[in-house]
Amino acid sequence: MNRQIRKLAGGLLVLYLALFVTLNVVQVAKKDALDAHPQNNRQTIRDFNRMRGPIVTADGVVIARSVPTETGAPYKYQRTYPDSLLFSHLTGYYTFSFGSTQLEKTQSDVLMGDTTPQKVNSLLGGADNTGSVQLTVRADLQRVAAEALGEREGSVVVMDPATGAVLAMVSFPTYDANAVADPDTKYAENVLDFLNSYPGKPLLANAYRENYMPGSAFKVITTGIALENGVTSLDRSWPSEREWVPPQTNDPIQNYGGSSCGGSMAEVFYRSCNIPFAQLATELGPQRMTDGVSAWGLGERLPIDLPGAAASSFCGNVTPCDAAFFNDQLPLLAIGGFGQGNDLMVPLHMCMVASTVANGGRMMVPHVVDATLAHNGSLLSRTAPAVWKTPISPTTAGTLNDLMVGVVNNGTGKAMQLANGIQAAAKTGTAQLNFVEGEPQRSHAWIIGFAPAEAPRYAVAVILKGTTDEISAGTGGRLAGPIAKTVLDYLFANEN
Amino acid sequence: MSQPSPIAAARRNSELGLVVMAASITAVAYVLASLGKNATMPATLVPFLIALLGMLIAAHIAVRRLARGADSTLLPLAIILHGLGYVMIARLSERRAALQTTWSLIAIVAFVLTLLIVQRPPDLARYKWTFLAVGAGLLMLPLVPGIGTSVGGARIWVSIGPINFQPGEFAKIALALFFASYLADNRELIAAGTRRVGFIRIPELRYLLPVTLAWAFAVMVMVAEKDLGSALLFFTLFTVMMWVATERAVFLVIGVVIFSVAAYVAWRMFEVVQTRVDVWLDPWSQYEGKGYQPAQAMFAFANGGTGGTGLGLGNPNKIPAASTDYVYAAIGEEMGLIGAAGIIIAFLLLLGAGLRVAMRADRPFEKLLAVGLTTIISMQAFIIIGGVLRLVPLTGITLPFVSYGGSSLLANYVLLALLLRISDSGARRRGEVPDDLTIGERLEARRLQRAERKGVTV
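Respectively, the protein sequence lines represent chains A and B.
Using our numbering, you'd call the opening residue of the first sequence number 106 and step up by one each time.
Using our numbering, you'd call the opening residue of the second sequence number 20 and step up by one each time.
There are no misleading hints in this set.
No farther apart than 25 Å at their CA atoms in a straight line, the calculated lysine to aspartate or glutamate pairs in the DMTMM-like style are these: (1) B:LYS56 - A:GLU175; (2) A:LYS112 - B:ASP204; (3) B:LYS56 - A:ASP152; (4) B:LYS245 - B:GLU307; (5) B:LYS309 - A:ASP140; (6) B:LYS56 - A:ASP219.
One side of the interface only, derived from the structure: several residues of chain A facing chain B at Cβ under 8 Å: (7) GLN109; (8) ILE110; (9) ALA123; (10) THR127; (11) VAL133; (12) LYS135; (13) LEU139; (14) ASN145; (15) ILE150.
If you're looking for bench data, these hints aren't it; they were derived computationally from the structure.
Backbone N, C-alpha and C define an ideal beta-carbon position, used for all residues, glycine too.
Whenever a hint applies, use it, and build me the whole structure from the sequences.
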């Protein structure tokens, strides 16, 4: 029988070798694929049992941090967001069951201590290798802007025109990231369902993730393109007209409110006549106009360091947005010249437009992350200012600056006359949305600007969405102007 | 008392060394698991160490006294498996750890008692029909209304008052004893075969019938209880023992053919088998249902990788039944490839030692019993580890010595004691250690002497 027992031993050995091989396949060969399997949340569990660093505003306010949970909780750290209604569109959320968004997503490696320098440091004996993210956004300014906006749908963006650093960016409606990150998964799921179905899309920051018709605020871009191409100058003037019929149609274009409007370049700009800018766009023609808006960055996703940024457009949802699209639609090109028709601008982009004028023609890459720091405070990275586009020359920028000063001093933007005699420059916009049968006429109220005009330090863009009768009945100057003034006055009053 | 024996002393001393190593590994793992999980020393460390040492000393001294010539690796291998399994159970559930502690104590007592009661292997051979009756009775017990209960679809539990146990765990041993004894008596008659059909010689039916009926009955009962893992285990046990006993490979061939047909029929007839196969092939598409457990086990293994997450630092609680059927996945996660391969190696060494015991035994009954017992342990480990790793479809049985479960632990320690007994018997028969009188025999001798002095004739 010993012969059979030996064979039995051999047979069992083969079976056990098969086990060993399979074990290697599962634990080594397929490890990465299994770890990355969409149904596998063990990485998340591991992360939730590790400390995660804070996100801090420019003025030192912590807006996202991890706190140890009570014993018995499913994981060791809970993410909390102080004053989340002010900051959730920047921080996003970091959840156990629903992934993470915004800075929590893009800066996760720094926060968890998973960047290479942090890992090296932890190997050298650093006990805590979590990192922190330092923002350019100021908590105080964020609060002032949010309070000025109030519970009106819209957004306020403030940036440093010279660097592209975003100083404030608020959107309404907003949401509380703490509710989405609640450890009670069922509750969090209900919150998410509610937020996703809510009409104002609170999860999407309308400041940088949505685009809206800009109205007359767009005339800054049209004028810039026309000046660059020599189609207009400060010397040009227009007769006072009520109506003008563009080519390829019999439908006349009117000024705002059907008024008669005309005068010098400066006058039509500060009075915000429509016909001169429709004519400028028509004179430029489809090719130069579409090239011009591309130079201003329309059609490209805004290069901000936050995920999901939207793109502005000169052609609505039509792609590609080229001259061919307008060749047989010149009336559309004409009304596009004064910010109506197919124009769609991201509020952040409008702030970048104002900044471009303020910054001598250079449009900077916008950013909210100033620096990332290791646990011991040493610098991991700092965002260097970078030019994104140069749509206009310094001369053109100077001309536009003068035109925008006129808006504040003589025209539609008088609400932007600042305290202490500081000179602001601005352009208003009242975007009349396409009429929907059976509903009242809706319009967005805009203002963009910067100050001080002679050496700009701050640029601002404000939009109030035309979702209510009150806003639709107003204009950009009357509704958005005071918000921009509040923000700029606060900034100058609190400089040291 | 017993005569001195250098070989026995050497074996027991090396066993002691290995037991101390196994105990140290267990104690260190126990502390590490607590540090990993709660960042504190285990509150129960002192009672744990006392219980661990007490049990090991008791087991070792029992072997030293009662089976001093036995193989020196069997007990330490069982202890390292038992120890690592206990650490994992304690890390998963404090409540289960307390129960497992009690069962461990009872199992060690059963181990010692088995060595004490079974002093000569032939004693067991005499009771083959008793073992058959006991085995069959135990197997059918869960089917008795009132005391049998179903857990997870399989009706393999018996509840009498506060005590729950799986009689199948003991039936395995009883039936292995019956097979070994019956085949030892009749193996030549079965192997000889008197009639010829084609090129196959057919054994006399009357010799083949009892063992075949017993086996068929056992498998049928287990299929009725939907205990497919045990049915497969039994099938293998019977086939292997027939083959080894008769030395005729045709029984192996017949076994494989019957198994293939049975597997196909079972797959066609039983929905539970189809589900098992589907989940085996693709757990991902049924992630919300039956596929959740195997998928979580795969994630656990991957999470462990080569070195493991470290004891107390993984998430084996996410795997359903992590302390019973799926304990191997929990070990794979926290101890990694290194720890999981260590478990495979421990079983490989255990089965090697078991088969060596079989080779060195010179009486057919002892040989066959050692083969049977070793086959039970090694196939049971293969079926469940292979199932958890998705090498074969999963059939839920415990991982011997490692899984949580009193009946399993108890039965496996009895099985281990029997293997040690056969090993010791083999060493005596080979003259490696003196064939001293056993305790029972000494008592009997003393009784006889006393009777003789009193002039009583016996």
